[in-house]
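Enquirer: Kindly generate the complete structure, drawing on both the sequences and the hints.
Protein sequence lines, in the order shown, are assigned to chains A and B.
If you use our numbering, the first sequence closes out at 761, no skipped numbers anywhere.
If you use our numbering, the second sequence closes out at 761, no skipped numbers anywhere.
For the record, the hints were derived by calculation from the structure and aren't laboratory data.
Heads up, some of the hints might be wrong.
What the hints assert, rightly or not - Pulled from the structure, derived: some chain B residues nowhere near chain A, Cβ distances all over 12 Å:
| id | residue |
| --- | --- |
| 1 | GLY448 |
| 2 | ARG516 |
| 3 | GLY651 |
| 4 | LEU693 |
Said to hold, decoys possible - Residues on chain A that point at chain B, a partial pick, calculated with CB under 10 Å:
| id | residue |
| --- | --- |
| 5 | ARG567 |
| 6 | CYS580 |
| 7 | VAL582 |
| 8 | PHE594 |
| 9 | ASP606 |
| 10 | ARG666 |
| 11 | ASP669 |
| 12 | VAL735 |
In this text, a Cβ means the ideal position worked out from N, Cα and C, and glycines have one as well.
2 protein chains.
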Amino acid sequence: MKRNRIERIGIGVDVGGTNIVCGAVTEDGEVAAVLKRPTDARQGPEAVIGRIAAMVREVVGRLGDAAARVAAVGVGTPGLVDPERGVTLFAGNLGWRNVPLAERLGAAVGLPVCADNDVRMYVYGEYLRGAAAGERHVLGVTVGTGLACAVVEGGRLYYGGGFMAGELGHIRFPDIPYACGCGLTGCLETAASATGIVRQAVDQLKAGRDSALRALCPDGDWERLTAAHVSEGARRGDPLCADVMRRTGDWLGRGLAIAATLFSPDVIVVGGGAALAGDWLLGPARRRLEEDLMADYRKRLRLVRARRIEDAGVVGSALYALQRANLSGG
Amino acid sequence: MKRNRIERIGIGVDVGGTNIVCGAVTEDGEVAAVLKRPTDARQGPEAVIGRIAAMVREVVGRLGDAAARVAAVGVGTPGLVDPERGVTLFAGNLGWRNVPLAERLGAAVGLPVCADNDVRMYVYGEYLRGAAAGERHVLGVTVGTGLACAVVEGGRLYYGGGFMAGELGHIRFPDIPYACGCGLTGCLETAASATGIVRQAVDQLKAGRDSALRALCPDGDWERLTAAHVSEGARRGDPLCADVMRRTGDWLGRGLAIAATLFSPDVIVVGGGAALAGDWLLGPARRRLEEDLMADYRKRLRLVRARRIEDAGVVGSALYALQRANLSGG
Numbered sequence: 432m433k434r435n436r437i438e439r440i441g442i443g444v445d446v447g448g449t450n451i452v453c454g455a456v457t458e459d460g461e462v463a464a465v466l467k468r469p470t471d472a473r474q475g476p477e478a479v480i481g482r483i484a485a486m487v488r489e490v491v492g493r494l495g496d497a498a499a500r501v502a503a504v505g506v507g508t509p510g511l512v513d514p515e516r517g518v519t520l521f522a523g524n525l526g527w528r529n530v531p532l533a534e535r536l537g538a539a540v541g542l543p544v545c546a547d548n549d550v551r552m553y554v555y556g557e558y559l560r561g562a563a564a565g566e567r568h569v570l571g572v573t574v575g576t577g578l579a580c581a582v583v584e585g586g587r588l589y590y591g592g593g594f595m596a597g598e599l600g601h602i603r604f605p606d607i608p609y610a611c612g613c614g615l616t617g618c619l620e621t622a623a624s625a626t627g628i629v630r631q632a633v634d635q636l637k638a639g640r641d642s643a644l645r646a647l648c649p650d651g652d653w654e655r656l657t658a659a660h661v662s663e664g665a666r667r668g669d670p671l672c673a674d675v676m677r678r679t680g681d682w683l684g685r686g687l688a689i690a691a692t693l694f695s696p697d698v699i700v701v702g703g704g705a706a707l708a709g710d711w712l713l714g715p716a717r718r719r720l721e722e723d724l725m726a727d728y729r730k731r732l733r734l735v736r737a738r739r740i741e742d743a744g745v746v747g748s749a750l751y752a753l754q755r756a757n758l759s760g761g
Numbered sequence: 432m433k434r435n436r437i438e439r440i441g442i443g444v445d446v447g448g449t450n451i452v453c454g455a456v457t458e459d460g461e462v463a464a465v466l467k468r469p470t471d472a473r474q475g476p477e478a479v480i481g482r483i484a485a486m487v488r489e490v491v492g493r494l495g496d497a498a499a500r501v502a503a504v505g506v507g508t509p510g511l512v513d514p515e516r517g518v519t520l521f522a523g524n525l526g527w528r529n530v531p532l533a534e535r536l537g538a539a540v541g542l543p544v545c546a547d548n549d550v551r552m553y554v555y556g557e558y559l560r561g562a563a564a565g566e567r568h569v570l571g572v573t574v575g576t577g578l579a580c581a582v583v584e585g586g587r588l589y590y591g592g593g594f595m596a597g598e599l600g601h602i603r604f605p606d607i608p609y610a611c612g613c614g615l616t617g618c619l620e621t622a623a624s625a626t627g628i629v630r631q632a633v634d635q636l637k638a639g640r641d642s643a644l645r646a647l648c649p650d651g652d653w654e655r656l657t658a659a660h661v662s663e664g665a666r667r668g669d670p671l672c673a674d675v676m677r678r679t680g681d682w683l684g685r686g687l688a689i690a691a692t693l694f695s696p697d698v699i700v701v702g703g704g705a706a707l708a709g710d711w712l713l714g715p716a717r718r719r720l721e722e723d724l725m726a727d728y729r730k731r732l733r734l735v736r737a738r739r740i741e742d743a744g745v746v747g748s749a750l751y752a753l754q755r756a757n758l759s760g761g
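Expert: Put into structure tokens, the structure is as follows:
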């Protein structure tokens, strides 16, 4: 039956500080013709938008006859985005301020374009076609360079005033000693993130603690270390790495307990690059939730890893754009 | 013009652990015929519902000709309430479990009845006709026996899974030493509440610190102390009382900073009995928000005292019930 229905296709774009990922997504959530290119944000927003437009055209071109079914483009960018006007208001790691992304990209590709925050689009993808499919109250977090959350409540994304809800990474913890790029000290994301994992490991290496990580940085060149190294070290039984992952998971759990107590989700989905560490991160987070959550929440809450860690952002952007094009009669 | 329109009237009921307040509310938010009676929860839910029904009938009776315009009854109770079925699922300080309040009260008074959580109704009252009138993103907290918050986003109350969102009082703080009735230790409401104010003052008195409060409890009978005594002591310059209010306001501010970072409201309204302390509580809370909030939030956020500290619950319950009766064609 399904094959006979004419399914629309959305193009989803996930703009990161390092790479742009672009793909075609059917309403069922099937992804095709995925491209990945460097963002090269230093060239400025016009160049980046031109690159996105070329990627969108290339993806559409690869669809053959199905290209006629492409109905909308959705783009997720980091930072603060006004989804009503399609403007990226501020994105530190792109160096963007007030970039009218939807308008410019729409003019370039001749399709309706929606722009939104990348974490919201990622969580929306997990809600529609990932680990939270079918749930009514969803809290999703992405643990990557930073830490942020988004909430879907009865099918609707929660935005808050100024579209600024969900900055879980900027809750302050008195026992986190690190200065944050936002100007505060002790923000959760300075510890509970890929960046935070590296920071904690380097702290301990500098303090002289032994670890297999030392072999990776023969001249004390700690900049080479990544969160994947630490996570892999933990897997191989390195005590320093295991400690860092445990502490990070515990901090993540403390943040999630707070968010769960305020939002009361049915399910928490943990995604982003650091979620690839799986139970090394989620195990301690679950134990912390057991300790920090009231029984009424504990009983009903599930904590799961994202199912589409790689493409939830593309899927969410594409399908959200299709929905919005639909609502506006497009 | 307004005088010529036939305004509907809602009956609002606020059921507390100590008293029931009931009044008639016009769509403009004018309150009339207010009654206050002891709850006497020990007599059981049937007796309490009977008392509420008698109060509703008495209030309606006092309206004279206007009684014909009464269209709905709204009731707020503490604890966990299912507003879709109108059932108080659990209310510790009433001793209620699975009480079908809307159905029973509706049968008794012959009007459509909505039941909901008292904090949500209070915040909804402040949103419609109080200090947050006209705002789009509202976070309201009540500081009383406990501490809880509710959010109105674009006119809609946020409920979360199991209708359990907003338990700000049950976020754990490592530096709060008190055991909470919920089974956890360090819950924010054990310190940042009327109960918490008394608890902190008694702690210091027992530790031997001097204070004018001692004169109120000649035999070390600390049970006599109320939060109002401590607040009044602070106003009169008693150092112990001033310290307790400052620490309480600071803790409140830490909780509010967390909630603001996750919900991103335009305004935070602080209500409940302890809000009568005004700047003794809100001053330190504002200072803490300056320290704990990212600049983007600080710039746009207002922290204000509730405008209808005494009757926001009655107003919110009544007007929410009118709206829901409207939606369901009643």
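Enquirer: Hints first: check each against the structure and report whether it holds.
Expert: Status of each hint after checking the structure:
At roughly 19 Å from the closest C-beta of chain A, the C-beta of GLY448/B stays outside 12 Å, upholding its exclusion from the interface. Non-interface status of ARG516/B relative to chain A is upheld: no Cβ of that chain comes within 12 Å, the nearest being about 16 Å off. The Cβ of GLY651/B lies farther than 12 Å from every Cβ of chain A, with a closest approach of about 34 Å, so its non-interface assignment holds. The claim that LEU693/B is not at the interface with chain A is violated, since a C-beta of that chain comes within 12 Å of its own (minimum 6 Å).
Given hint, ARG567/A at the interface with chain B, holds; its Cβ is 7 Å from that chain's nearest Cβ, closer than 10 Å. With its C-beta approaching chain B no nearer than about 7 Å, CYS580/A sits inside the 10 Å limit, and its interface hint holds. Taking 10 Å as the C-beta cut-off, the interface hint given for VAL582/A holds, the closest approach to chain B being about 9 Å. Annotation: interface hint on PHE594/A holds; nearest CB of chain B at approximately 8 Å, less than 10 Å.
Hint status for ASP606/A: holds, given a least beta-carbon distance of 7 Å to chain B, under 10 Å. Hint status for ARG666/A relative to chain B: violated, with the closest Cβ pair at about 30 Å, above 10 Å. Nearest Cβ of chain B to the Cβ of ASP669/A: about 28 Å, over the 10 Å cut. The hint is violated. Among the interface hints, the one on VAL735/A is violated; its C-beta lies about 15 Å from the nearest C-beta in chain B, farther than the 10 Å criterion.
Checked against the numbered hints given earlier, the structure breaks hints 4, 10, 11 and 12 and satisfies all the rest.
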